[in-house]
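Take the sequences, apply the hints, and build the full model.
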Amino acid sequence: MPETGRPTWPKTLRFAITALLVTLAAALIPQAASAQDISTLAVAHKSPFNCGKTFYANNWTPGHSPSGALDWQDYGGDDINGETVRATASGTAYFYDAGSTSYGKWIEVRHSDGTRTRYAHLATMARSAGGSMSVNQGTTIGTVGSTGGSNAPHLHYEQRTSTGAMDTSPTVDGVTVSLGQKKAITSTNACGGNPYTPEEVCGSGYSVIDSAGLIGGSTYLLYNSGDGYNCVVTLKTTNLGTSTSMSAFLEPEGESRTTDSGSYGYYAGPVKRHAAGQCVKWGGSIGTSTYTSPFEHCG
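Going letter by letter, the sequence shown gives residues -35 to -1, 1 to 264 in mature numbering (1 follows the signal peptide of the UniProt record, and there is no 0).
Derived by calculation from the structure, the hints in this document are not laboratory data. Mixed in with the good hints, there may be bad ones.
[To be verified] Here are the computed distance ranges between Cβ atoms for each label pair:
id	residue 1	residue 2	range
1	Y161	S30	36 to 46 Å
2	G227	I180	14 to 24 Å
3	G178	C263	20 to 30 Å
4	A63	E165	25 to 35 Å
5	H29	P259	38 to 48 Å
6	G157	H239	34 to 44 Å
7	G227	E165	17 to 27 Å
8	R222	V140	45 to 55 Å
Quick reminder that beta carbons are idealized off the backbone N, C-alpha and C, glycines included.
Below is the structure:
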């Protein structure tokens, strides 16, 4: 018997109202993302080294700080010291220098999905500390060293979530390296692209100290500490092997500018000038995309 003062409803109407409320609740409550949804948002990372290079990726435990970071080290007699370091995915690179402690010279690349990668103990960086630059997957950002709290040359590498948390089982080139594992990984980064590197074009003894992105490639400034020469080269990443209007130039402060320009399939330059202790202006072009630096790198 119904309670006094409480209205009764036909059973069919009660069922209809309940169904409507369930439908509205389902529409208003956010649904959890499926594993497939998450995977489509994830950035796919390649090894941070030149195409074909093989090095050990060590996910030390316990005792490695932060836990989940990879230490890249020599493999099969290949010395990692001075090895070119490339962005494992596209984004914006930020450059830092912690001096003789912690990471030493290090870079953080912030990716389009909010995740981040870090590269530490570098010998050289493509920008000075405090600088930043847009990078593609495979862009040269530095070289392996042993700066900061490091006792031997290696690359300290981290993958972090958009909240800054460590991914303790990072994946590079399709290989997942979980805590406690050590795996040899061969890089496919920058494969099938320009077969030349700035170091190869400029020659032995030169290291990249700066770079600037262009539409269709990048222009690079290198320095040889042994003889005090700078070198500039502009490399293409698209239309490889097809003649394109390109240039590279270098101008020590107070002196004339030297330029190499023409229609090239892979690169313009190298342009070399002695500039020890001098500021230099440098840059290049690919088609209508150009870059000209201020006078800088005065050491």
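Hints, verified against the model:
Y161 and S30 have their C-beta atoms about 38 Å apart, which keeps the hinted 36 to 46 Å range intact. Separated by about 18 Å at the C-beta atoms, G227 and I180 satisfy the suggested range of 14 to 24 Å. For G178 paired with C263, a C-beta distance near 23 Å keeps the hint of 20 to 30 Å intact. Between A63 and E165 the Cβ separation comes to about 31 Å, which falls inside the hinted range of 25 to 35 Å.
Distance hint check for H29 and P259: the Cβ-Cβ separation is about 41 Å, which falls inside the suggested range of 38 to 48 Å. A hinted range of 34 to 44 Å holds for the C-beta pair G157 and H239, which are about 36 Å apart. Restraint check, G227 to E165: a C-beta distance of roughly 19 Å satisfies the suggested window 17 to 27 Å. Under the hint 45 to 55 Å, the C-beta atoms of R222 and V140, about 46 Å apart, fit the expected range.
Checked against the numbered hints above, the structure violates none of them.
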